[in-house]
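Let's have the full structure, built from the sequences with the hints guiding it.
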Amino acid sequence: MNIIEGADDAQNSIGKTTFMQIIDFVYGGSQFQESDVVRLGGAVGHHTIYFTLHLHGTDHHYSRSTERYGYVTTYADPDWKIETGSLCHWSSIHSSSLLAMGWNTPIQPGETSSPAWPV
Numbered sequence: 001m002n003i004i005e006g007a008d009d010a011q012n013s014i015g016k017t018t019f020m021q022i023i024d025f026v027y028g029g030s031q032f033q034e035s036d037v038v039r040l041g042g043a044v045g046h047h048t049i050y051f052t053l054h055l056h057g058t059d060h061h062y063s064r065s066t067e068r069y070g071y072v073t074t075y076a077d078p079d080w081k082i083e084t085g086s087l088c089h090w091s092s093i094h095s096s097s098l099l100a101m102g103w104n105t106p107i108q109p110g111e112t113s114s115p116a117w118p119v
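In terms of this note's numbering, the sequence shown opens at residue 1 and continues consecutively.
Incorrect hints may have been included.
Pair by pair, the computed Cβ-Cβ distance ranges are [as the list claims (entries may be wrong)]:
#, residue 1, residue 2, range
1, 8, 85, 43 to 51 Å
2, 76, 45, 27 to 35 Å
3, 17, 46, 16 to 24 Å
4, 12, 83, 39 to 47 Å
5, 92, 54, 14 to 22 Å
6, 8, 58, 36 to 44 Å
7, 54, 15, 17 to 25 Å
8, 60, 7, 32 to 40 Å
9, 44, 3, 21 to 29 Å
10, 17, 67, 16 to 24 Å
FYI, nobody ran anything at the bench for these hints, they're computed from the structure.
Computed from a predicted structure; not experimentally measured.
Think of the CB as a built atom: it goes at the ideal place given N, C-alpha and C, for glycine as much as any other residue.
Laid out in structure tokens, this is it:
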């Protein structure tokens, strides 16, 4: 189990929810691109999340942009883009890995919401 905790003397808005939304976004979720971090003026705005998943003993490098959130870009290594494909395509390729990590349902064609969190 991993825990995200703010310091006892910290104010709110230190990024706990944003961090959880980014993790959700990496695994196909849709809430992050609607968050205040992306939408509000003076905030970060649209940006790209780069991530590496260690699956079956191999590192796989990807990126997903809040501006084109329906697509995931695959890299041979962190610096070299291979292809950009739809989020549905990415989810279908990695559905067994997502299920193994506790996701109940991979994203299906036409869906835009996150898979259900494990119970």
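Hint check results:
{"no.": "1", "hint": "8 - 85: 43 to 51 Å", "verdict": "44 Å, holds"}
{"no.": "2", "hint": "76 - 45: 27 to 35 Å", "verdict": "29 Å, holds"}
{"no.": "3", "hint": "17 - 46: 16 to 24 Å", "verdict": "19 Å, holds"}
{"no.": "4", "hint": "12 - 83: 39 to 47 Å", "verdict": "40 Å, holds"}
{"no.": "5", "hint": "92 - 54: 14 to 22 Å", "verdict": "20 Å, holds"}
{"no.": "6", "hint": "8 - 58: 36 to 44 Å", "verdict": "40 Å, holds"}
{"no.": "7", "hint": "54 - 15: 17 to 25 Å", "verdict": "24 Å, holds"}
{"no.": "8", "hint": "60 - 7: 32 to 40 Å", "verdict": "34 Å, holds"}
{"no.": "9", "hint": "44 - 3: 21 to 29 Å", "verdict": "25 Å, holds"}
{"no.": "10", "hint": "17 - 67: 16 to 24 Å", "verdict": "21 Å, holds"}
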